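Same order as they appear, the protein sequences are chains A and B. For the first sequence, our numbering assigns the number 353 to the last residue and increments by one with no breaks. For the second sequence, our numbering assigns the number 1362 to the last residue and increments by one with no breaks.
Hints in this document: simulated from the structure, not taken from any laboratory. Take every hint as true, because none was put in to throw you off.
Just some of the chain A residues that point at chain B, by a computed CB distance under 7 Å: (1) Arg-195; (2) Ala-228; (3) Trp-323.
Stretches of chain A that chain B covers, calculated by requiring three or more beta carbons in the stretch to come under 8 Å of a beta carbon on chain B: (4) 292-301; (5) 308-316; (6) 325-331.
Being a predicted model, the structure only gives us computed values, none of them experimental. Beta carbons are placed, not taken as given, at the ideal position from N, Cα and C, and that holds for glycine.
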Amino acid sequence: MTAVHQFHPVLAPGDAMSDHVFALRTRFQEWGYDSEAYAVETKPGLAVEPRSYRELFRRVQPDDTLLLHYSMGHEVFDELVRLPARRVLMYHNVTPAEFFVGINPHSAAHARLGERQLARLAPAIDLGVGVSEFNRRALDAAGYETTASVPILIDWSRLDVEPDPEVRALLAGIHSKLLFVGRISPNKRQDELIRMLAYYRRCIDPEALLVLVGGHRDQPQYFARLRALADAVGLGGAVRFTGAVSQAQLVGYYRAASCFISLSEHEGFGVPLLESMYSGLPVVALDAAAVGETVGGAGVLLPEKDLAEAAEACALVNEDLGWRAQLIDAGHERVKSFDPEVVAAKTKTVLGL
Amino acid sequence: MTQQVDLDALLAEVRERVRRKRERGIYGADVVALMRTELPGGRRLLSDDMKDPVGALAEALDDDVIYDPTSHKRIVGPFITLGRRILISLLRWWMAAITDRQERINRLLAATFDVEGQLAPRFGERLARLEREWQQRKEHEVAANMHSVYFQARFGGDEPVIREQSEAFIDLFAGRDRVLDLGCGRGIFLELLKDKGIGGYGIDLDPKMVSQARERGFEAFEQDALAHIESLPAKSIDGVYARHIAEHVLPGDLVAMLRALRRALQPGSPVVFVTPNVSNLSVGAHTFWMDPSHLRPIPPDLFKFYLEVEGFRGVGVRTFQPSDQRLSEEFSDARARDNARLLNQTLFGDRDYAVVGFQPDA
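Whole structure, please, built from the sequences with the hints as guidance.
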């Protein structure tokens, strides 16, 4: 039996990338392939225990497919691409270094390595797959000869869990609850969201709240500066950093918020945009990187960054029930094109399995 | 299927909301200032600085390197901190040598863009000013600010005179299908071509001239001569007549024009360039300059040489348009007569000349 081996340097629970790896693993097994996930580093709490990447050197056969998930540089990739197998690289994007320079030198150095390695691996890869057209174009630019794109497999049932009642209670009685979900990271521009909230509180609703859901472990410097910024604009209490949250809490935020707002300047796909739509939350987002193609006309896309316009767009979809209903409907419709069966079938075709 | 959301209408509504708030003073300077608050505690995002790199460079040059070696780990923290401090002090001079070199490069690069103590944030502005001045210089050189209507009325050529001059060359073009008249004006030469059953068309830079030519039923376009010739397919024309064009272009452009013609002309096609005869001193020193848009006088021998060098065959010069004034040559003394003749040639010879050449056969 031929096998499809998947590798990503780090596999962790609650991470969109890792979820994708495990969702694919289930599919590969359903299609009759032997399939395991391999990693260098594993974070505790995963439902399936990944194997050590070292085992790959023993197990990979020439007829196998080796699926390398790429979202960061790692020296192990250089070794793995020498294995005799059909080598497929699935590109989840690397955030460009200029977002980290002067904020987090460590992340900047890693980003640079990641970009360089991506280009270096190109000749050894048989097929490059972007999880968005944006990512596919990046592969083309990095010198990949054969490329394709296929979206991430999202397990929507995870969003059907009962929302955390505490989250609901916490946000009850507040009219304007602006939500953004994503790691605290300079490319996601949470600083701009805080500045936008300043407008919102001054010009629209003095009680408005900004909820920033997402872990801040990787970017302690940026996180500290975000909090200082919130204080500097006098919004200390109006910006809520939740840190990493449970699935029930996440669903609670999606269900209770009045609007999802993204001013992120770099997204390789943008899963939370779709999760919002699935949860019946209207989306307002800056049209940057892969955001536009993911939103696909089912949310308010801001053609340029104007914080006043972003705030007013959030207010409009919150206040005007007509627009709100239209956007929610469009969102539900949009999510259908990311139905796991549809995406799985496409993945199967693209990977030639 | 749900209907597509009309996002343009939604965005229009959003902009209207912003506009109203600005109008009512709710969205004022204080809010703008608040939204411009910098991220405290360190540098701006490089991705933001990249939007105004030269402005940000000035600040970056004066930045200090900030590094805190303190480790906050429990128990081992102080040892790590000590280890880092020792390493830093050991590597200090090596690092200093590297940063010193980098500092040199940075300063030199910055100086390259430095103008009067300011790092050229106005680089584009300076470039625009230079372009503006250069354009002005080109316009002033040919007195482009003078009203051409008046000039035309005062010095412009007489239609019958032009017609008569051009007639002398018409036989060269007999039987041709596609003769190009460079600087066709009102279409005097085009009319001559038509009368003889010769096919042709013209181009001119002056839109008024072009429209007059068109009103008279000729095919004429408003276009620059060199650009037009270069755009022509190979061997697509079979003759060129260019009356008083060469003196309006710089020598390099003239050569480029001849070169492009060599490609565009069919074998055996005639080429005629008419220009003031500056070997006549009263033309060269006086009447040539009566038109401020004349750039360079071209001596007949030089023009002939241009054509020969570019590969035209059978190149010759014909002079015409005798001067009205001349010295009397009625001297009984032969030497005085020769002198008067020489003076007449030099001072009052023919005022125009044509250089004629042919595209080689195949």
